[in-house]
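Chemist: Letter by letter, the chains look like this.
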Amino acid sequence: MNYLSINEIDNLSEWVKEAIYLKKNPLKHQGLGKNKTIGLLFFNNSLRTRLSTQKAAMNLGMDPIVMNFGSEGWALEFEDGTVMDQGKSEHVKEAAQVISQFCDVIAIRAFASLTNKEKDLAEEVLTAFAKYATVPIINMESSVGHPLQALADAITMEEFKVPNRPKVVLSWAPHPKALPHAVANSFIEMMKKQDAEFVITHPKGYELNPDIVKDSIVEYNQEKAFKMQTLFIQRIGVHLTFTEKLFHKIKTG
Amino acid sequence: MNYLSINEIDNLSEWVKEAIYLKKNPLKHQGLGKNKTIGLLFFNNSLRTRLSTQKAAMNLGMDPIVMNFGSEGWALEFEDGTVMDQGKSEHVKEAAQVISQFCDVIAIRAFASLTNKEKDLAEEVLTAFAKYATVPIINMESSVGHPLQALADAITMEEFKVPNRPKVVLSWAPHPKALPHAVANSFIEMMKKQDAEFVITHPKGYELNPDIVKDSIVEYNQEKAFKMQTLFIQRIGVHLTFTEKLFHKIKTG
Amino acid sequence: MNYLSINEIDNLSEWVKEAIYLKKNPLKHQGLGKNKTIGLLFFNNSLRTRLSTQKAAMNLGMDPIVMNFGSEGWALEFEDGTVMDQGKSEHVKEAAQVISQFCDVIAIRAFASLTNKEKDLAEEVLTAFAKYATVPIINMESSVGHPLQALADAITMEEFKVPNRPKVVLSWAPHPKALPHAVANSFIEMMKKQDAEFVITHPKGYELNPDIVKDSIVEYNQEKAFKMQTLFIQRIGVHLTFTEKLFHKIKTG
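Residue numbers (numbering that gives the first Met the number 0), protein chains in the order written: chain E, 0 to 252; chain R, 0 to 252; chain G, 0 to 252.
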């Protein structure tokens with residue numbers, strides 16, 4: 000089974016319950032990964048996802064092999080049927096099969112390029128690995144989603160005893176650099192999975208993907224959006240990184 | 000004992016037999032590397048050699064220390080008697096001795112520079128480590144050879160039950176980038192060790208090293224070369240990478 | 000407890016005695032680090048400090064997570080109260096707290112920038128991690144000091160049976176690149192801790208930090224400095240690297 004997006008979660012409250020249990024008993028399944036290897040493939044930089052995923056694997060008794068494709072690996076070709084005469088080292092089809100021979104699980108981080116919207120929306124890298132690898136694939140943030148982060152969000156809400164129908168504002172703010180939408184996207188999907196009273200706020204012109212936003216309420220006036228809910232919980236812990244670009248405020252009724 | 004080239008192999012059929020046995024029983028010698036460390040030093044990028052060597056070390060119970068000299072390490076000086084006034088951080092003599100203090104085995108990848116033929120043919124980096132290190136050295140592809148790859152080729156041929164005197168065509172094809180000859184070189188040497196009926200084919204002007212080709216038959220006409228043999232086996236599995244630059248066809252009589 | 004500078008050493012002769020004992024019995028405390036993780040954070044390149052620290056951690060049974068912030072990590076903001084509108088990914092305050100959640104010890108290498116003396120003297124990176132992390136911090140060479148190296152120096156002197164009051168010359172020589180003073184600084188402080196008969200020699204214009212040199216004797220004439228002592232021991236072993244930039248000669252009375 001892959002973990003490519005939060006749609007993979009069949010029963011959210013059970014997953015969250017188990018995650019909270021494992022957070023308290025991190026070595027519970029220490030024998031599970033014995034003599035098994037996880038390949039952590041980074042096409043982009045990572046701090047907390049790298050640390051948390053590697054530590055989680057070690058807690059399961061797995062051996063991690065970390066590869067930074069930027070500085071260590073090969074330039075891969077992702078398109079099928081291409082004549083590879085531009086110096087790419089090999090096709091992802093071969094790479095994914097090779098890595099599958101040595102790794103029992105493959106976790107991949109590959110951000111949006113922000114230069115080719117079509118390829119970004121197709122999650123070119125993640126999709127190619129899911130297609131050609133013969134072992135489970137974990138999404139450590141793709142161009143479209145960050146389902147590990149979204150699951151952590153759900154855990155945080157449970158830990159803060161947010162009631163069944165939480166009131167949430169996602170405030171998507173301008174950032175000095177153009178930023179991928181992966182974290183926001185998965186958060187929106189998670190809110191739908193949680194059946195939250197959910198409002199998105201951002202300045203005009205910073206629209207998120209309409210295919211993901213769908214019928215969520217969007218309120219350009221941040222103050223107004225916050226007032227629609229009454230109590231806010233700042234994102235904490237592993238999530239603090241994103242506070243400068245992504246403010247979610249969680250309100251308990 | 001070092002593994003610098005396939006000349007280190009004293010009895011090929013025994014090595015291949017043991018390799019095939021270990022492929023089926025990868026954890027057979029899991030205690031052998033306990034509390035031992037392998038240093039994996041990459042002066043160039045690597046995918047399958049990195050994965051296979053690290054996984055093999057872990058199967059032996061060893062702890063790997065991976066260093067990418069391009070991005071992590073120091074610029075080393077390889078020439079003896081040089082006044083080091085150009086900013087190189089230290090001489091390989093010191094580096095090799097230091098690494099030997101912390102690693103029980105050192106594996107090295109250092110491609111041909113393709114800018115200085117003399118130094119490339121002398122395998123500057125590999126030779127320097129073999130000279131100054133006090134622990135065994137493994138060649139993970141040097142400027143001249145790729146003996147792990149060539150051994151894998153021999154294993155593949157055995158697995159495909161190629162008869163004692165196989166009929167082989169090495170087809171060395173143009174590639175968008177200038178490519179080192181290491182893989183081709185070690186393959187040619189391996190074919191000699193195997194006493195194959197061996198033909199090399201490549202376009203005129205893509206001559207391989209005459210000191211390695213020696214008296215092997217070279218046929219510029221690829222079609223004609225293939226016709227000299229009658230049955231071909233495509234390179235498979237871990238070797239597929241090289242299909243765009245190196246096509247070997249293995250024929251059983 | 001942190002190990003930020005050699006001032007952290009409460010009883011030098013006991014530390015040296017224990018270090019020599021552990022050098023002979025490296026696996027003595029193999030159970031100590033079981034299920035514990037050390038984060039090795041490199042803001043600059045490293046060879047022997049990387050190898051020795053990672054190997055030491057493995058000898059204690061710890062799992063290392065190595066991160067090269069240059070090529071892998073995020074650009075961190077170290078100043079408090081800054082508006083982060085220049086593209087830095089996150090503040091060290093958050094990064095240090097996050098890393099503390101996954102690592103039981105954090106070891107950091109962050110050289111002097113050599114572009115901002117004030118920040119270098121404040122040991123910006125190391126100080127920030129010591130302030131915000133919630134686990135012990137080890138200095139793997141900061142802008143001001145290299146206390147692991149200085150401790151190794153003290154061990155070497157003990158191994159060579161240098162008498163209680165050794166006669167030492169630190170010869171600080173010009174180098175093609177501008178070099179940080181960290182190694183020299185910690186060595187000077189170590190000599191004071193050892194109550195050595197200590198002379199510093201370097202060409203005029205290569206003055207070390209007066210706050211660290213304090214009342215140590217400085218003799219510009221290298222020959223004369225060497226003559227003040229009569230017997231010299233070349234730095235050896237793990238220290239050989241520095242011979243081209245830093246010559247210490249240790250004299251036994």
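Hints may be right or wrong, so weigh each one.
Copies of the same chain are indistinguishable here, so a pair counts whether it falls within one copy or spans any two.
Simulated pairs of lysine-lysine, DSS-like, Cα-Cα distance not exceeding 30 Å [to be verified]:
#	residue 1	residue 2
1	K54	K27
2	K33	K16
3	K116	K23
4	K92	K160
5	K54	K116
6	K23	K92
7	K22	K92
8	K23	K130
9	K33	K130
10	K33	K23
11	K118	K192
12	K203	K191
Bear in mind the hints are in silico, worked out from the structure with no lab data behind them.
Chemist: Looking at the structure, which of the earlier hints fail to hold?
Modeler: As far as the earlier hints go, 3, 5 are violated by this structure, in ascending order.
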